[in-house]
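Asker: Residue strings, one per chain:
Number of protein chains: 8
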Amino acid sequence: QRCGFPEVVFCEGKTAAAIADIFRVLIAQKQDCFGTRLSADKAESLLEWFPEAQHNGVARTIRIPLPDLPEPTGNVVVITAGTGDRPVAEEAVETARWMGCNVRLIVDIGVAGPHRLLQEKQNFVGADAVVVAAGMEGALPSVVGGHVACPVIAVPTSIGYGASFGGLAALLGMVNSCAANVTVVNIDAGFKGGYLAGLIARQSAPRNVTS
Amino acid sequence: QRCGFPEVVFCEGKTAAAIADIFRVLIAQKQDCFGTRLSADKAESLLEWFPEAQHNGVARTIRIPLPDLPEPTGNVVVITAGTGDRPVAEEAVETARWMGCNVRLIVDIGVAGPHRLLQEKQNFVGADAVVVAAGMEGALPSVVGGHVACPVIAVPTSIGYGASFGGLAALLGMVNSCAANVTVVNIDAGFKGGYLAGLIARQSAPRNVTS
Amino acid sequence: QRCGFPEVVFCEGKTAAAIADIFRVLIAQKQDCFGTRLSADKAESLLEWFPEAQHNGVARTIRIPLPDLPEPTGNVVVITAGTGDRPVAEEAVETARWMGCNVRLIVDIGVAGPHRLLQEKQNFVGADAVVVAAGMEGALPSVVGGHVACPVIAVPTSIGYGASFGGLAALLGMVNSCAANVTVVNIDAGFKGGYLAGLIARQSAPRNVTS
Amino acid sequence: QRCGFPEVVFCEGKTAAAIADIFRVLIAQKQDCFGTRLSADKAESLLEWFPEAQHNGVARTIRIPLPDLPEPTGNVVVITAGTGDRPVAEEAVETARWMGCNVRLIVDIGVAGPHRLLQEKQNFVGADAVVVAAGMEGALPSVVGGHVACPVIAVPTSIGYGASFGGLAALLGMVNSCAANVTVVNIDAGFKGGYLAGLIARQSAPRNVTS
Amino acid sequence: QRCGFPEVVFCEGKTAAAIADIFRVLIAQKQDCFGTRLSADKAESLLEWFPEAQHNGVARTIRIPLPDLPEPTGNVVVITAGTGDRPVAEEAVETARWMGCNVRLIVDIGVAGPHRLLQEKQNFVGADAVVVAAGMEGALPSVVGGHVACPVIAVPTSIGYGASFGGLAALLGMVNSCAANVTVVNIDAGFKGGYLAGLIARQSAPRNVTS
Amino acid sequence: QRCGFPEVVFCEGKTAAAIADIFRVLIAQKQDCFGTRLSADKAESLLEWFPEAQHNGVARTIRIPLPDLPEPTGNVVVITAGTGDRPVAEEAVETARWMGCNVRLIVDIGVAGPHRLLQEKQNFVGADAVVVAAGMEGALPSVVGGHVACPVIAVPTSIGYGASFGGLAALLGMVNSCAANVTVVNIDAGFKGGYLAGLIARQSAPRNVTS
Amino acid sequence: QRCGFPEVVFCEGKTAAAIADIFRVLIAQKQDCFGTRLSADKAESLLEWFPEAQHNGVARTIRIPLPDLPEPTGNVVVITAGTGDRPVAEEAVETARWMGCNVRLIVDIGVAGPHRLLQEKQNFVGADAVVVAAGMEGALPSVVGGHVACPVIAVPTSIGYGASFGGLAALLGMVNSCAANVTVVNIDAGFKGGYLAGLIARQSAPRNVTS
Amino acid sequence: QRCGFPEVVFCEGKTAAAIADIFRVLIAQKQDCFGTRLSADKAESLLEWFPEAQHNGVARTIRIPLPDLPEPTGNVVVITAGTGDRPVAEEAVETARWMGCNVRLIVDIGVAGPHRLLQEKQNFVGADAVVVAAGMEGALPSVVGGHVACPVIAVPTSIGYGASFGGLAALLGMVNSCAANVTVVNIDAGFKGGYLAGLIARQSAPRNVTS
Ligand SMILES: Nc1ncnc2c1ncn2[C@@H]1O[C@H](COP(=O)(O)O)[C@@H](O)[C@H]1O
Ligand SMILES: Nc1ncnc2c1ncn2[C@@H]1O[C@H](COP(=O)(O)O)[C@@H](O)[C@H]1O
Ligand SMILES: Nc1ncnc2c1ncn2[C@@H]1O[C@H](COP(=O)(O)O)[C@@H](O)[C@H]1O
Ligand SMILES: Nc1ncnc2c1ncn2[C@@H]1O[C@H](COP(=O)(O)O)[C@@H](O)[C@H]1O
Ligand SMILES: [Mg+2]
Ligand SMILES: [Mg+2]
Ligand SMILES: [Mg+2]
Ligand SMILES: [Mg+2]
Ligand SMILES: [Mg+2]
Ligand SMILES: [Mg+2]
Ligand SMILES: [Mg+2]
Ligand SMILES: [Mg+2]
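Chains as they are written, first to last, in this note's numbering: chain R, 1 to 211; chain V, 1 to 211; chain W, 1 to 211; chain X, 1 to 211; chain Z, 1 to 211; chain C, 1 to 211; chain S, 1 to 211; chain U, 1 to 211.
If you are wondering where the hints come from, they were derived from the structure by calculation, not from laboratory data. Careful, some of the hints might be misleading.
25 Å max Cα-Cα, derived DSS-like pairs, lysine-lysine [what the hints assert, rightly or not]:
1. R/Lys14 x R/Lys30
2. Z/Lys14 x X/Lys121
3. C/Lys14 x C/Lys30
4. W/Lys30 x W/Lys14
5. R/Lys121 x V/Lys121
6. W/Lys121 x C/Lys14
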């Protein structure tokens with residue numbers, strides 16, 4: 001049980017039955033089951049077997065939460081540059097929620113429309129950690145990084161065409177960000193983005209309580 | 001005499017004497033001499049031989065303007081993300097001036113300091129063409145492109161370290177810009193950026209006159 | 001309403017019904033609807049619902065023009081190197097037309113057949129802006145750039161095989177063009193090529209009127 | 001004053017005199033001056049003018065701390081794979097110290113010597129954030145990530161030869177880390193690694209106090 | 001008959017009938033038939049025709065062993081980082097077995113879970129040669145290399161996503177391994193990994209006998 | 001004596017004395033000595049020792065021709081895009097001359113100045129083989145290939161800046177040439193370009209004699 | 001009619017009917033029709049309409065030869081490293097035959113089996129031009145180049161897996177060949193390989209006649 | 001003391017005095033001192049202090065052997081393609097000798113001169129392990145691999161120009177070798193090549209004794 005969280009099930013390459021078996025073991029251990037990269041047809045089977053499961057079709061995640069979860073703690077905001085980045089962003093949202101954080105999702109405030117970002121600023125500026133999912137040129141994390149004082153986890157997405165090279169252009173852009181508070185995870189790694197933001201927000205949470 | 005402008009002298013790889021010889025021919029043809037990529041020591045020799053020449057040490061350019069130049073026409077703004085991008089930007093400035101345009105230079109309004117850009121917005125929003133020189137992640141042209149209605153010529157610079165790969169990260173970022181009015185020239189190609197902006201601004205100029 | 005043009009609808013990833021909803025809002029706002037990256041089957045549905053729509057199957061665009069459009073203004077020429085580059089070129093054509101420009105399309109005058117280019121020279125030499133779509137080695141924009149005095153927007157295409165690497169070879173070739181008036185957009189970015197040419201041609205148009 | 005910290009001076013490309021001028025302004029503003037990428041000869045001049053300055057020759061940093069600094073808070077550990085990674089690691093150390101954190105440095109526990117890492121485990125396992133600087137194959141952050149529950153900031157270094165390609169191999173390795181708590185900054189970006197770890201540790205600090 | 005082993009049949013691109021023809025010739029020559037990259041449907045046909053054949057569906061191999069094989073000699077261990085690397089690892093296992101070696105397979109002891117590796121150490125530390133198949137960041141061969149005194153053949157796999165670039169990140173990581181006893185073969189080259197380990201183990205075997 | 005020609009001496013990394021020793025052996029064997037990649041200072045020594053030697057400082061070659069050479073045979077033309085490509089082109093010229101061919105050099109007819117190429121067409125159109133040395137975007141071989149019926153050997157040069165990546169852009173452009181008669185050698189490989197053109201021209205020569 | 005040969009029809013992206021139309025025009029002009037990249041189903045239609053056509057299903061070519069073709073002249077040999085390279089090699093064979101040359105095909109003499117190559121040496125050593133198609137590491141052209149005195153046209157193929165990167169490894173290997181008589185065309189460019197070899201062999205042919 | 005050998009000193013970045021200190025410790029521990037990547041001037045100092053040391057200036061290694069070394073055991077052959085690859089090859093030679101093996105060096109039998117390789121075949125065909133150092137296209141290991149039954153350790157070198165990209169072309173070629181017994185280490189990694197060959201030859205040695 002690494003890092004204080006029950007293991008996450010990576011569903012790609014496992015049958016619905018195999019996933020169900022793992023879930024039953026985890027439930028017996030009183031763990032909060034969480035699965036990612038789940039296809040629609042496997043989700044259908046799992047929802048039949050576990051009617052209490054929560055399925056997010058955009059994020060491609062499933063969760064069977066424990067009955068008496070503590071109040072969420074720590075504040076994560078997940079932002080996307082475009083609508084195409086939404087699946088990656090939602091995976092980050094679900095991950096950070098499963099880690100016990102308050103999460104807000106803000107979509108489609110990419111750099112080419114500067115007024116949208118300023119309108120939303122009040123909604124992300126006080127977060128403990130911000131996740132920014134962006135494809136194409138991947139410029140949004142740098143812009144967001146200039147507006148907040150907390151760490152920004154940049155998630156390059158494979159959204160784009162031509163010279164985006166499956167997210168490589170966005171990855172390079174984000175790694176070269178001139179904003180000192182921006183750090184980067186793998187292309188399309190919504191889970192990792194949410195996990196790191198969740199870790200940071202949880203560590204940060206008691207501060208809010210005591211100050 | 002391609003494109004209606006006297007030929008520009010690319011000084012790299014030519015001796016001061018060879019440059020002077022070309023300048024004397026151009027002067028005899030009553031052309032407005034312009035040289036780029038000029039080292040400091042060659043500039044010294046040329047200034048002795050042509051005391052009327054205008055040397056820009058940061059841009060590494062030299063110019064021997066004709067005595068009775070027409071009023072400048074068309075408005076170009078050149079913007080840099082950081083101070084390190086200045087030599088490339090100044091080369092663009094000198095090029096667009098030599099083409100007969102009004103040129104304004106705005107430095108160091110890179111994406112990590114959003115207030116700086118908004119302060120300067122009034123100074124670039126009405127241009128006929130904007131040149132943006134930026135290194136590292138090359139995000140600034142996308143941001144500027146969202147604020148103006150005219151074409152934006154993005155010039156990636158080799159300023160950066162690590163995964164900037166000599167300007168490749170900035171080039172890829174700019175080519176993938178999600179702003180529809182952004183187009184790109186070669187890394188460190190200040191001359192080309194200024195040339196294209198100058199072409200566009202000159203074509204656009206009569207509009208200002210007649211409207 | 002950025003840059004004075006109604007927003008373009010990027011149809012990839014949207015259902016026909018969703019596109020229709022956006023179009024109805026734009027029509028109510030008296031805007032000139034324009035959609036790109038539209039598949040054949042969605043086009044069929046939209047043409048049923050909007051019989052007045054103009055569909056270009058090669059360009060994969062759709063347009064519902066306003067009833068009383070002003071006369072087109074400014075001259076754009078779009079050129080292709082081969083026949084395979086045509087879909088990208090047509091997208092540029094439709095975009096520049098929608099922006100209110102006169103547009104001419106010249107196909108298949110690639111560099112390996114020099115007489116074809118010289119025959120057509122009279123048809124592109126007076127343009128306000130030229131778009132050149134080319135794949136493989138991407139040499140044509142440099143050649144065209146040597147024949148015209150206006151800006152040339154080079155659009156690398158993914159047409160090719162082997163070491164064309166999905167348009168990367170063409171992109172690199174165009175970025176390194178030794179013609180000073182050539183600038184580059186993303187691989188297969190016909191929309192962007194047409195948009196920039198349209199911007200430039202519209203800015204340039206009054207000149208034709210007054211001179 | 002973004003992020004609650006006085007601005008850092010990037011000394012590369014600035015003269016000693018220019019740096020001194022900035023420092024005098026910052027001192028007048030009662031800020032804790034910090035400079036990075038400082039060459040040995042400039043350091044000598046600055047130490048003459050500011051005898052109270054603290055210079056770290058390996059990190060290439062300088063600092064003029066305020067007289068009454070609060071107790072450090074939050075715990076950062078900086079780890080290196082080899083001895084060659086030390087300059088990058090020391091830059092991270094100095095940055096996190098300047099941000100007001102407790103910092104410990106552990107060198108040369110790279111993956112080829114597994115016992116060294118286990119010996120040191122007790123010294124890094126309780127940190128609020130860990131920075132790992134590694135070149136060559138960049139495997140160490142993954143290994144460390146498996147031992148700790150906090151965020152790990154991986155800093156690829158340009159140390160290596162042959163196919164390390166100036167740190168690219170290490171960067172790719174770290175971005176692909178299968179440890180969920182590993183995130184990455186630019187090659188040789190010791191400052192950024194220390195800055196992010198410092199941000200996280202400061203946010204986390206009150207937890208230690210209250211628990 | 002290069003290297004003292006009957007030729008291996010690479011089944012991709014050959015029909016079941018064509019493979020059967022080659023096998024019949026090899027059987028007539030009293031050789032130990034071995035085929036790799038065999039699809040499930042071809043395997044079915046071959047098993048009908050050669051009921052004595054041994055098919056490994058995960059490895060995608062088939063073998064028709066000679067009746068009186070000598071005792072296996074030399075010890076090879078094949079290790080995987082994750083479960084996704086198993087097909088590549090099993091191909092290595094089957095190859096080394098066919099070469100006449102004792103082979104043990106250990107799966108899923110990747111770098112993020114350090115206790116798993118230590119638990120298994122006793123099972124691989126005495127091998128004559130170790131094969132390590134790993135995708136993503138490819139860090140496991142370096143870690144294993146630090147625990148054993150024999151050669152380690154690293155096989156990068158194409159398992160991963162985003163910036164793993166089809167195994168390139170793992171390949172680069174392994175080539176840059178700082179463990180002196182690690183050498184590398186092609187991405188997904190389970191056959192080659194098993195072949196080299198088999199060669200080394202066979203050469204090493206008499207040592208065990210005589211010492 | 002591979003391919004019917006005395007071995008060429010690659011002078012880089014050999015002392016003047018070592019080169020002289022090889023030359024003396026070749027002279028004793030009545031061979032036509034030829035050295036490439038010769039620095040200026042070594043050339044000086046060799047010219048003292050072999051006053052009859054022919055040194056080309058731009059090509060960086062040296063030759064000690066045999067006294068009674070046969071008439072040159074076969075026609076090679078070497079073309080450059082810019083003046084910077086001249087050293088590579090001259091190396092090709094000297095190589096093809098040493099192989100016994102008639103060689104003509106035409107410089108600076110790059111694609112941006114189309115009239116220059118047409119003026120020179122009569123001087124290259126009848127060659128048995130054409131070598132084209134070009135840097136930057138490397139478009140000239142395609143253009144020349146459209147004007148001639150013989151093979152065109154394209155030599156990419158490392159001349160350029162920014163995204164020319166040391167000749168990679170030119171190499172990719174030339175490999176993707178849509179002219180069917182263009183083939184490519186290594187970056188800056190003037191020797192190889194001249195050698196292949198010489199081989200082809202020599203094979204072709206008798207045709208001229210008999211027709 | 002560039003280069004003295006009727007135009008080749010590139011069949012990919014054209015319907016069978018469209019190809020037939022072009023063929024009818026060419027037949028009326030008394031030209032020797034040749035089509036490449038022809039799929040099996042289009043071939044079937046064309047063979048119905050032109051029963052005299054010669055279809056090579058491996059090469060994916062079709063030809064409708066003129067009734068009274070002259071005797072073939074000039075000798076081309078096409079060699080493959082493995083069996084997978086055969087389609088590319090056959091395209092070269094058909095192209096050189098259509099150009100009027102004698103062509104011999106030698107398959108599967110790749111570098112790992114040195115005796116095969118030596119056995120066949122007598123069959124390729126006297127050619128006027130040799131085409132070598134090879135994938136994977138692309139080493140065969142260098143080896144062949146060491147055995148012959150004529151030009152060798154290397155055609156990298158996309159055959160391979162892992163780090164062959166679709167033929168890039170083979171392309172780089174061939175461009176770096178240390179054999180002076182090796183030159184390179186695009187990946188999978190069998191047509192181009194055959195075309196260049198055909199050009200060279202035809203130019204060389206009279207020599208055989210007169211000597 | 002990993003792998004049964006005293007630690008090797010990597011001399012780059014250490015002063016002569018620092019190296020001497022390490023040597024004195026090792027001598028006191030009765031270890032066989034070995035240093036690599038040693039510059040000429042540091043070698044001079046060390047030879048003064050340790051007159052019994054053996055310095056190889058081409059390999060850039062130094063060794064202070066123990067007085068009573070056992071007879072060498074196991075046979076390693078090191079081969080180079082060209083003379084430029086010699087420093088890398090000599091580093092491999094010295095490393096394998098220090099490991100207690102018999103080592104033979106064969107230089108300059110690269111693929112373009114096939115007779116040289118066949119002449120030397122008798123001298124490498126019986127080795128326990130072969131190291132092949134080659135730059136440029138890196139084809140030699142594949143060729144050697146076809147002649148021997150033992151493992152071949154391929155060491156790509158950075159020797160080359162143009163598209164050799166500092167050894168990347170050779171590395172890719174070697175990784176894609178179609179010879180099943182070829183494995184690869186890092187570019188210029190003579191130490192690693194010699195180390196692996198030494199490991200294998202030592203493991204194999206008793207076989208020679210007993211058979
Ligand atoms: N070593 C460093 N690496 C990257 N960025 C740095 C470094 N040191 C300072 N910076 C950034 O550079 C900015 C100062 O740049 P300047 O205005 O040129 O002194 C600071 O605000 C930091 O964000
Ligand atoms: N899975 C594999 N990966 C790479 N090479 C293989 C594999 N299986 C067989 N080979 C090689 O391919 C050769 C047989 O190819 P083929 O003659 O096409 O059946 C054998 O001699 C092996 O060296
Ligand atoms: N297989 C091929 N590979 C590359 N180029 C080809 C091939 N076949 C034909 N071509 C070229 O494509 C041209 C015809 O293209 P198209 O006009 O599209 O039929 C010919 O003139 C040839 O130069
Ligand atoms: N030439 C070399 N190339 C790569 N690694 C080396 C080389 N020489 C020594 N090493 C490794 O570097 C380690 C010693 O590094 P150091 O402690 O810095 O002297 C040794 O254990 C070797 O594994
Ligand atoms: Mg984006
Ligand atoms: Mg920037
Ligand atoms: Mg093209
Ligand atoms: Mg490391
Ligand atoms: Mg792995
Ligand atoms: Mg050029
Ligand atoms: Mg091959
Ligand atoms: Mg070589």
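Asker: Would you pick out the hints that fail for this structure and give their numbers low to high?
Answerer: Numbers 2 and 6, in rising order.
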